[in-house]
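For the protein sequence lines, the chains are U and X, in the order given.
All residue numbers in the first sequence are consecutive under the working numbering, ending with 92.
All residue numbers in the second sequence are consecutive under the working numbering, ending with 92.
It should be emphasised that the hints constitute simulated quantities derived from the structure, not laboratory data.
Owing to the predicted nature of the structure, the values given are computational and were not obtained by experimental measurement.
For every residue, glycine included, the Cβ atom is placed at its ideal position computed from N, Cα and C.
Here chain X is said to cover these stretches of chain U; the calculated rule only asks that three of the stretch's residues, wherever they fall, bring their Cβ under 8 Å from a Cβ of chain X:
1) 34-45
2) 52-64
Label pairs and their in silico Cβ distance ranges:
3) G28(U) x R92(X): 40 to 50 Å
4) G78(X) x E76(U): 44 to 54 Å
5) R92(X) x R74(U): 27 to 37 Å
There are 2 protein chains.
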Amino acid sequence: MSDSNAVLIGKKPVMNYVLACITLFHGGAKEVSIKARGRSIGRAVDVAEVVRRKFLPDAKVKRIDIGTDQLDPREEGGQPTNVSTVEIVLER
Amino acid sequence: MSDSNAVLIGKKPVMNYVLACITLFHGGAKEVSIKARGRSIGRAVDVAEVVRRKFLPDAKVKRIDIGTDQLDPREEGGQPTNVSTVEIVLER
Numbered sequence: 001m002s003d004s005n006a007v008l009i010g011k012k013p014v015m016n017y018v019l020a021c022i023t024l025f026h027g028g029a030k031e032v033s034i035k036a037r038g039r040s041i042g043r044a045v046d047v048a049e050v051v052r053r054k055f056l057p058d059a060k061v062k063r064i065d066i067g068t069d070q071l072d073p074r075e076e077g078g079q080p081t082n083v084s085t086v087e088i089v090l091e092r
Numbered sequence: 001m002s003d004s005n006a007v008l009i010g011k012k013p014v015m016n017y018v019l020a021c022i023t024l025f026h027g028g029a030k031e032v033s034i035k036a037r038g039r040s041i042g043r044a045v046d047v048a049e050v051v052r053r054k055f056l057p058d059a060k061v062k063r064i065d066i067g068t069d070q071l072d073p074r075e076e077g078g079q080p081t082n083v084s085t086v087e088i089v090l091e092r
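My request is simple: use the sequences and hints to build the entire structure.
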């Protein structure tokens, strides 16, 4: 799948990302990948659920992956920190 | 799978839930289900990742499900609210 069909979840309201997913599907995408990390992970699940339940009932969860990203330390000599990640792939 | 192998994620530190998962596995469980909803969803992913990466490298993510729970309105006549849920099943 091309990464151009990815929606990266940040701190904006859920509906912004829902709209981004729907726009991709309406533009012909067969799959949309919803990616988030850290505190945005819950919002990624919200986005997938709203897309599926309110807007595109024929969209299905194809795959969900979790993982860990290592972030560079903020200060020199500091410890790298780990942050959890999630990728939810919807298909229709 | 019996629900006695479920760990429900709340507001406590991640390591509390990690310890609960490890205790279940050491007690002979083949599968442990990590369940969370709303703002605890990110913490559920943290728990699964820490268990898998730091403590039980032979544990695998068997399945991840997302869903929506409808909560009763707080006041009479109010709207029910939706909350996203996640279930991460680890197996070894």
